[in-house]
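Asker: Take a look at the letters that make up each chain.
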Amino acid sequence: MFRSDTTAEGEFRTKVRTWLEANLPFGLRGRTVRPLPAELMPWYHTLSRKGWIAPHWPKQYGGMSATLNEQIIMTEELARVGAPHLPVQGLNHIGPILMEFATAAQKALHLPPILAGTVIWAQGYSEPGAGSDLASLSTRATLEGDHFVVKGQKIWTTWAHHSDWMFALVRTDPQAQPRHAGISFLLIDLHSPGIRIRPIKTIAGDDEFAEVFFDDVIVPAENLVGKLHDGWRIANALLGHERLATSNPQTAMMALERIKTMARASGIITDPAFQDRLAAASINVTALSAMFSHAVQLTNNEHSLGPEASVIKIFSTELLQTLNELLIEAAGGHASAKNPVTTNFGEVDVAASFLQSRRVTIYGGSSEIQRNVLARRVLNLPN
Amino acid sequence: MDLHLTSEQTLLRDSAAKFIGAAGPKVTRGFREQELSFAPVRLREAGDLGWLGILVPGAANGLGLGLTELALVLEQAGRGLLCEPIGLAAISAAALAQGRKPHPMLDRVMAGAVLVVPALQERAYGDDPLAPHTQVVEKGGTLCLTGQKAFVCADGADGFLVSASGRDGPVLCYVARQASGCTLSTTQTVEGRKLATLDLADAPADLVPPHPSSRNAVDALHNLALLALSAELLGAMERALEVTLDYLRIRKQFGKLIGSFQALQHQATNIYIRTEAVRSLVFQTAANNDPYCIDPALAAAVKAKASEDALAVTEACIQLHGAIGFTDEHDIGLYLKRAILLSSLFGNAAAQRRRYIAIAGLTG
Numbered sequence: 001m002f003r004s005d006t007t008a009e010g011e012f013r014t015k016v017r018t019w020l021e022a023n024l025p026f027g028l029r030g031r032t033v034r035p036l037p038a039e040l041m042p043w044y045h046t047l048s049r050k051g052w053i054a055p056h057w058p059k060q061y062g063g064m065s066a067t068l069n070e071q072i073i074m075t076e077e078l079a080r081v082g083a084p085h086l087p088v089q090g091l092n093h094i095g096p097i098l099m100e101f102a103t104a105a106q107k108a109l110h111l112p113p114i115l116a117g118t119v120i121w122a123q124g125y126s127e128p129g130a131g132s133d134l135a136s137l138s139t140r141a142t143l144e145g146d147h148f149v150v151k152g153q154k155i156w157t158t159w160a161h162h163s164d165w166m167f168a169l170v171r172t173d174p175q176a177q178p179r180h181a182g183i184s185f186l187l188i189d190l191h192s193p194g195i196r197i198r199p200i201k202t203i204a205g206d207d208e209f210a211e212v213f214f215d216d217v218i219v220p221a222e223n224l225v226g227k228l229h230d231g232w233r234i235a236n237a238l239l240g241h242e243r244l245a246t247s248n249p250q251t252a253m254m255a256l257e258r259i260k261t262m263a264r265a266s267g268i269i270t271d272p273a274f275q276d277r278l279a280a281a282s283i284n285v286t287a288l289s290a291m292f293s294h295a296v297q298l299t300n301n302e303h304s305l306g307p308e309a310s311v312i313k314i315f316s317t318e319l320l321q322t323l324n325e326l327l328i329e330a331a332g333g334h335a336s337a338k339n340p341v342t343t344n345f346g347e348v349d350v351a352a353s354f355l356q357s358r359r360v361t362i363y364g365g366s367s368e369i370q371r372n373v374l375a376r377r378v379l380n381l382p383n
Numbered sequence: 001m002d003l004h005l006t007s008e009q010t011l012l013r014d015s016a017a018k019f020i021g022a023a024g025p026k027v028t029r030g031f032r033e034q035e036l037s038f039a040p041v042r043l044r045e046a047g048d049l050g051w052l053g054i055l056v057p058g059a060a061n062g063l064g065l066g067l068t069e070l071a072l073v074l075e076q077a078g079r080g081l082l083c084e085p086i087g088l089a090a091i092s093a094a095a096l097a098q099g100r101k102p103h104p105m106l107d108r109v110m111a112g113a114v115l116v117v118p119a120l121q122e123r124a125y126g127d128d129p130l131a132p133h134t135q136v137v138e139k140g141g142t143l144c145l146t147g148q149k150a151f152v153c154a155d156g157a158d159g160f161l162v163s164a165s166g167r168d169g170p171v172l173c174y175v176a177r178q179a180s181g182c183t184l185s186t187t188q189t190v191e192g193r194k195l196a197t198l199d200l201a202d203a204p205a206d207l208v209p210p211h212p213s214s215r216n217a218v219d220a221l222h223n224l225a226l227l228a229l230s231a232e233l234l235g236a237m238e239r240a241l242e243v244t245l246d247y248l249r250i251r252k253q254f255g256k257l258i259g260s261f262q263a264l265q266h267q268a269t270n271i272y273i274r275t276e277a278v279r280s281l282v283f284q285t286a287a288n289n290d291p292y293c294i295d296p297a298l299a300a301a302v303k304a305k306a307s308e309d310a311l312a313v314t315e316a317c318i319q320l321h322g323a324i325g326f327t328d329e330h331d332i333g334l335y336l337k338r339a340i341l342l343s344s345l346f347g348n349a350a351a352q353r354r355r356y357i358a359i360a361g362l363t364g
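One line per chain: the protein sequences are B and W, in this order. Residue 1 is where the first sequence starts when you use this note's numbering, and the numbers rise one by one after that. Residue 1 is where the second sequence starts when you use this note's numbering, and the numbers rise one by one after that.
It is possible that part of the hints are untrue.
[As the list claims (entries may be wrong)] What follows is a list of derived Cβ distance ranges for each label pair:
{"no.": "1", "chain 1": "B", "residue 1": "335", "chain 2": "W", "residue 2": "181", "range": "56 to 64 Å"}
{"no.": "2", "chain 1": "B", "residue 1": "199", "chain 2": "W", "residue 2": "8", "range": "57 to 65 Å"}
{"no.": "3", "chain 1": "B", "residue 1": "332", "chain 2": "W", "residue 2": "326", "range": "40 to 48 Å"}
{"no.": "4", "chain 1": "B", "residue 1": "306", "chain 2": "W", "residue 2": "252", "range": "27 to 35 Å"}
{"no.": "5", "chain 1": "W", "residue 1": "190", "chain 2": "B", "residue 2": "335", "range": "42 to 50 Å"}
{"no.": "6", "chain 1": "W", "residue 1": "138", "chain 2": "B", "residue 2": "335", "range": "54 to 62 Å"}
{"no.": "7", "chain 1": "B", "residue 1": "376", "chain 2": "W", "residue 2": "315", "range": "21 to 29 Å"}
{"no.": "8", "chain 1": "B", "residue 1": "332", "chain 2": "W", "residue 2": "315", "range": "32 to 40 Å"}
{"no.": "9", "chain 1": "B", "residue 1": "344", "chain 2": "W", "residue 2": "61", "range": "55 to 63 Å"}
{"no.": "10", "chain 1": "B", "residue 1": "300", "chain 2": "W", "residue 2": "58", "range": "28 to 36 Å"}
{"no.": "11", "chain 1": "B", "residue 1": "177", "chain 2": "W", "residue 2": "190", "range": "50 to 58 Å"}
{"no.": "12", "chain 1": "B", "residue 1": "306", "chain 2": "W", "residue 2": "21", "range": "24 to 32 Å"}
[Unchecked claim] Stretch-level coverage of chain W by chain B, calculated; a stretch enters the list once three of its residues show a Cβ under 8 Å from a Cβ in chain B:
{"no.": "13", "region": "239-251"}
{"no.": "14", "region": "267-278"}
{"no.": "15", "region": "300-306"}
{"no.": "16", "region": "349-360"}
Source of the hints: derived by calculation from the structure; they are not laboratory data. Quick reminder that beta carbons are idealized off the backbone N, C-alpha and C, glycines included.
Please model the entire structure based on the sequences and the hints provided.
Answerer: Here's what the structure looks like:
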């Protein structure tokens, strides 16, 4: 809408689209809930063999060194064909962090398995007592000679029970003030003795979450990333990029299509009151596209976004919820159906999609925390 | 988010900011409910700076720039609550320039010596801009208009660009204010300027042909008007937000700066997000469309969003000021009143959403 492909980009898009159509198994298309590893990882391996698993990684680490526009094209084409969500903690989070902060040995050990999809990573940030107030985390890592001893608990850890490794924020200095100055960034082998993992079922019915208990787990000292007590800076280094990447309007556009299908099937599409709200939501999807293009343009021209990226995170996630509320309304009596609703216009996942959308304003920093960040750091309002 | 601008665009914005710096709430106040709601000399100054011919091709002595440049200048006009209708004049100049031979009024309109404004609306709600009730017929080699146009910003206008239905669909016509059969009746607005109803009874008119790249001259001018007003609404929102943030940083209650209270911080953040969304929408639309063929669904979307959000933002600004915000003495109310007027012109948010449903094929 606000960006048209150059000739080269257009060719790239066609190449990606053709390959995806030919290679993505039909059973994996259009799933609103992420399939389990046994079903999903073969697709990861297929993308990896093609060399397309890490568009944003530099060539030297086995990535594609794709431009931002090419990355967006890939995201759009993956969404278009209905590709399932892959485990991205390795590709999008720890991978880039290792490239920036890790030793040569750490990179050599951990980056290739992420690319190959032989290792799955989990992010160990939140704790029962440290959610929005992440800096108050208390999982303790005590350095004893050549290893740390880790004791504590992580929670809301996506896919921990399917993962092999965790990158975690741990407290290495309990006395530090401010509190985030006593936090370190540690890589933990989840197959180590003393670790217990319990899946947590979500309101959407899946068990994407887990809690992880550490009972005097021995972690080699060489698994520390960066300097001791410098974990907070490392964890925050890539947040702006992540917020932009997760705000791609493609998800909202697909949600809009689901609403239109459902509204035609239920007949509410002819109701002027519904039409008005659908128009308002659709206009906001256009606004999101504009904000995303604007941000991409700035990033392409080396203006780093910083805390104002929170604007797009809030706008896109709250819009996704508005869209899913409209979906529920469009479904009428079908709203609560557990399985996808069969209509003359195709199958529509209603309740599962709606329930999934409730998490987006919570993870990656809740909307309220994002507003605090904006108020203080962008609007310069007093403390 | 900052805009990614060329150095020429930055220069243009800065010179517009400088020009508008001489305006502002105090000046705006002085023109409220006056016989004429702006200073003709300032309109001529804007003409001297080239802004009224900003979209007019160089061959017709205009600046030949694009929608981004228009939006940059009008954003500043909104920020400064500028009284001179430079947006309406600039888009009218663009229309007068679009035919194979420019309209004879073009040079004087670009100079700011005369003012021509669009007269496209007919009803309070539900206009189909492409199916006006005003009729145009040819009588003895002359075009004659009959009908009624409403909500025309006629203060100081010397002529109008009127949409009318002819044998082959909607056409755009130029009518002089002094033309026979042309009568104006005005209503005072809370914003300060007047809106007029334009009665046309066999009023003689000139045809304004479409630009070769546009579907239709009426459609092109209407879409251009929607974007121009949205850019001005954006400026008003931005400035109202800044004024409000300044207040939150100095006002104390309960022994603390009120800007430190989370309820107010989140309210401020909400209106900041709205402003940012409108800014991206206005400038991405401007950057990706040509002046004479703006995508009509996109134009409706931008005006719907800008109209709704400008009202929401300026309303919240009153609330965040508390009682002082409700006084006439405080400037913050001027932004709300500007938002009420501009939101309503050429179709408010509800009207634009209704058009958007039809144009974007949302229910098809």
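Asker: Would you mind marking each hint as holding or not holding in the structure?
Answerer: Hints, verified against the model:
no.: 1; hint: B:335 - W:181: 56 to 64 Å; verdict: 59 Å, holds
no.: 2; hint: B:199 - W:8: 57 to 65 Å; verdict: 59 Å, holds
no.: 3; hint: B:332 - W:326: 40 to 48 Å; verdict: 43 Å, holds
no.: 4; hint: B:306 - W:252: 27 to 35 Å; verdict: 30 Å, holds
no.: 5; hint: W:190 - B:335: 42 to 50 Å; verdict: 44 Å, holds
no.: 6; hint: W:138 - B:335: 54 to 62 Å; verdict: 59 Å, holds
no.: 7; hint: B:376 - W:315: 21 to 29 Å; verdict: 24 Å, holds
no.: 8; hint: B:332 - W:315: 32 to 40 Å; verdict: 34 Å, holds
no.: 9; hint: B:344 - W:61: 55 to 63 Å; verdict: 59 Å, holds
no.: 10; hint: B:300 - W:58: 28 to 36 Å; verdict: 30 Å, holds
no.: 11; hint: B:177 - W:190: 50 to 58 Å; verdict: 55 Å, holds
no.: 12; hint: B:306 - W:21: 24 to 32 Å; verdict: 28 Å, holds
no.: 13; hint: 239-251; verdict: holds (count 3)
no.: 14; hint: 267-278; verdict: holds (count 8)
no.: 15; hint: 300-306; verdict: holds (count 3)
no.: 16; hint: 349-360; verdict: holds (count 6)
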